[in-house]
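Taken in order, these protein sequences are the chains called A and B. Read in this note's numbering, the first sequence has 52 at position 51, and its numbers run on one by one without any break. Read in this note's numbering, the second sequence has 237 at position 234, and its numbers run on one by one without any break.
Worth double-checking, as some hints may not be accurate.
[As the list claims (entries may be wrong)] A short list of chain A residues far from chain B (calculated; beta carbon distances all over 12 Å): (1) HIS38; (2) ARG58; (3) THR78.
[Unchecked claim] Pair by pair, the computed Cβ-Cβ distance ranges are: (4) A:ALA50 x B:LEU256: 31 to 41 Å; (5) B:HIS454 x A:ALA25: 13 to 23 Å; (6) B:SER609 x A:ALA23: 50 to 60 Å; (7) A:ALA50 x B:VAL391: 44 to 54 Å.
[Said to hold, decoys possible] Okay, the calculated bits of chain A under chain B, using three or more residues with CB under 8 Å as the criterion: (8) 16-30; (9) 44-57; (10) 64-73.
Derived from the structure by calculation, the hints contain no laboratory data. Computed from a predicted structure; not experimentally measured. Think of the CB as a built atom: it goes at the ideal place given N, C-alpha and C, for glycine as much as any other residue.
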Amino acid sequence: MSTSLWSLRAGDRGRITGFDDALAETYRIRLMELGFHPGETVACLQAPAFGAPKVFRVSNTVFSLDNEVATHINVETDAA
Amino acid sequence: MSKVILIGSPNSGKSLLFNRLTGLSQKVANFPGITVDVATGKLTGAPELSLMDFPGTYSLQPISGEERVATEYFTRALDDPEVSQVLCLVDITRLEKSLYFTLQVVRECARHGKRVLVVANMMDVLKRHDMSVDLQGLAADIGAPILPISARTGEGLETVVAELRNSSAEVRNNPALVETPDALLRGNAHQLAHKYGPRGDLLVKTQARLDAFFLHSALGGFAFFGIMFLLFQSIFTWAAPAMDAVEAGLGALADWLVPMIGPQLAKDFTSDAIFSGIGAFLVFVPQIFVLTFVIGLLEDSGYMARAALICHKPLRLFGLTGKSFIPMLSGVACAIPGIYAARSVDSPKKRLLTYMAIPLMPCSARLPVYTLLIAAFIPNTTALGGLVGLQGLAMFCTYFFGMFTGLIVTGLVSRTREDHYTDLPFVLEMPPYRLPALPPLLRNCWNRCRHFITKAGAIIFTVTVVVWFLGYFPNYGADLGESWLGQIGRVVEPLFDPLGLDWRYGVAIMTSFLAREVFVGTLGTMFGIEGADENMVPLVDQIQASGLPLASGVALLFFFAIALMCVSTLAILARESGSYRLAVKLFLAYGAMAYLGAIGVFQLVSLFSG
């Protein structure tokens, strides 16, 4: 199922398929520099309440992203 | 002396390596972007080499003003003929986030003909997990030698120093790399990270468990409030005995020294100008030390990044970031350590907004002023069947009024700025939890205190001496009311007239520029009461007996809640922000807001209180 990284819940995993056009080129590049490359598997480790930034793991690094960024990262999940 | 640049991405252990290699004081922080200044130190065992610790960035392609400064500084340094080598640090456990940056550094060194040594840190973590990386293969592919080290255990550092000292080593740069564009480097880095990166799970399970607790919707909130309570206590309560000791020590020294001085003028100058001037800034040192220590513990342990995450959403509404919370909370005790703490806000715009909010936090120096005015104007009665004391309620409201105003100001300013929508997105690395190393932490506390004493001390001391001079002459301290300060008070009396205040309050407000709490002592002197700062009751009685209207009391409360009149805060704000203009602008803006607002409050309360 194609969705955004922000919609993952704690424990969910997804494979990055790309970024949507609303995300500025410079931020796309920075995310790729950090390891958020298309094709990489991302796991959502924590999804704190009240819309706080979520915690994602890519390879062996953990990052916290807020919805302004994570909604623009497209992922493919196994869920039907 | 030959210079060596140390560079690496955030959280790669760069500051710890710098400490290890130089034995010098440099902050070891477990929080992205903490290395703001470039620290320099002689290499231990190779004093002919000087090591420069450059700010950590994720890429040489900057996306913020701060990163642009760092990358431009790096490329400029490569043009320096004294810079002979570059030490590029890689976190070998997380190659995917540091390899692109490494390739960029290797390319820049090739372009400038500088020798580059790549050091692979965290080898101890790899060993612990029974994993290995083909460093020789990786070195061949990136075109630079790689040395395995552990900055934490010190393993491999001798080899690094020996390599750096090896002046006969030729510069062997990969010429093919010179013309490689960033996009291609990025692809290469991604492929190399996959080819050589350690296979398997390197995330310590305890990190996941601790995060599950600290970021839990309910438990994490409790933990956050508990930790913030301790932080607040540390600056408010734990630093107090040391602050008292500084005051008592200076007092004892003055008592011993002053009687030995001959003429009365020299005696008064020594005791009231010199010792008060030194005391005016030395008294803050314990607070700065304690706060730097506690914040250092939070940063080095990895909790600070979690705290920033928890606070981010509510503070974003007001144009701030989660990282602004600790500086603002520190500002509730004292603006000065708060302004220092704002160094951890890496977005320049948000750091500016944090600087704007801090002086409006209800600092501890405002407390005696609030206590005096509330005791004088708010009746000591209770409401709601004895549950709520009116004076306590007034104190609560005054405290929150300052915080609320701070947030409103930053919210409005952030929305009126043109760059409102072009700020850095919130992408924050969550570093692994680690036990903080105590010696570098203590060294950093000492450095911070030394910075405060040398940079802000002179300004605070000078202003104290000038105010003493104006209050002492021409009648040699016999009567403050007849001094030049008193005369100035009478000249500016029309300014305070719209607040229903006479010249005595004007003089007290002017002296409170030294520190807000001086208002109480000066007002006591003006009313002929000795030691009003120790026991306020006689002064409260005098103010009530003088028939000062309630509206003036509330207007004064408003004025003190907003005005940025603390010279120490202004001095350190100018130093830390690097802009005297910002300090002057904030002083004038908050001064005008406080004064005009107080007139409005006076009129409003007069209307209702008849």
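Range hint compliance [Cβ, ALA50 (chain A) to LEU256 (chain B), 31 to 41 Å]: violated (55 Å)
Three-residue Cβ test at 8 Å for the coverage of the segment 16-30 of chain A by chain B: holds (count 3)
Supplied distance hint 44 to 54 Å, evaluated on CB atoms of ALA50 (chain A) and VAL391 (chain B): Taking Cβ atoms as reference, ALA50 (chain A) and VAL391 (chain B) lie about 31 Å apart, which means the hint is violated.
Outcome, coverage hint (the segment 44-57 of chain A, chain B; C-beta under 8 Å; three residues): holds (count 9)
Whether the CB-CB distance between SER609 (chain B) and ALA23 (chain A) falls inside 50 to 60 Å: holds (54 Å)
Closest CB of chain B to the CB of ARG58 (chain A) still more than 12 Å away: violated (7 Å)
Consistency of beta-carbon spacing, ALA25 (chain A) to HIS454 (chain B), with hint 13 to 23 Å: The hint (13 to 23 Å, Cβ to Cβ) is violated, given that HIS454 (chain B) and ALA25 (chain A) are roughly 37 Å apart.
Non-interface claim for HIS38 (chain A) versus chain B (Cβ beyond 12 Å): violated (5 Å)
Assertion that THR78 (chain A) lies farther than 12 Å from chain B (Cβ): holds (20 Å)
Coverage criterion applied to the segment 64-73 of chain A (partner chain B; beta-carbon cut 8 Å; 3 residues): This one holds; 6 residues, not fewer than the three required, reach chain B with a Cβ under 8 Å.
Taken one by one, the earlier hints fail for this structure at numbers 1, 2, 4, 5 and 7, listed in ascending order.
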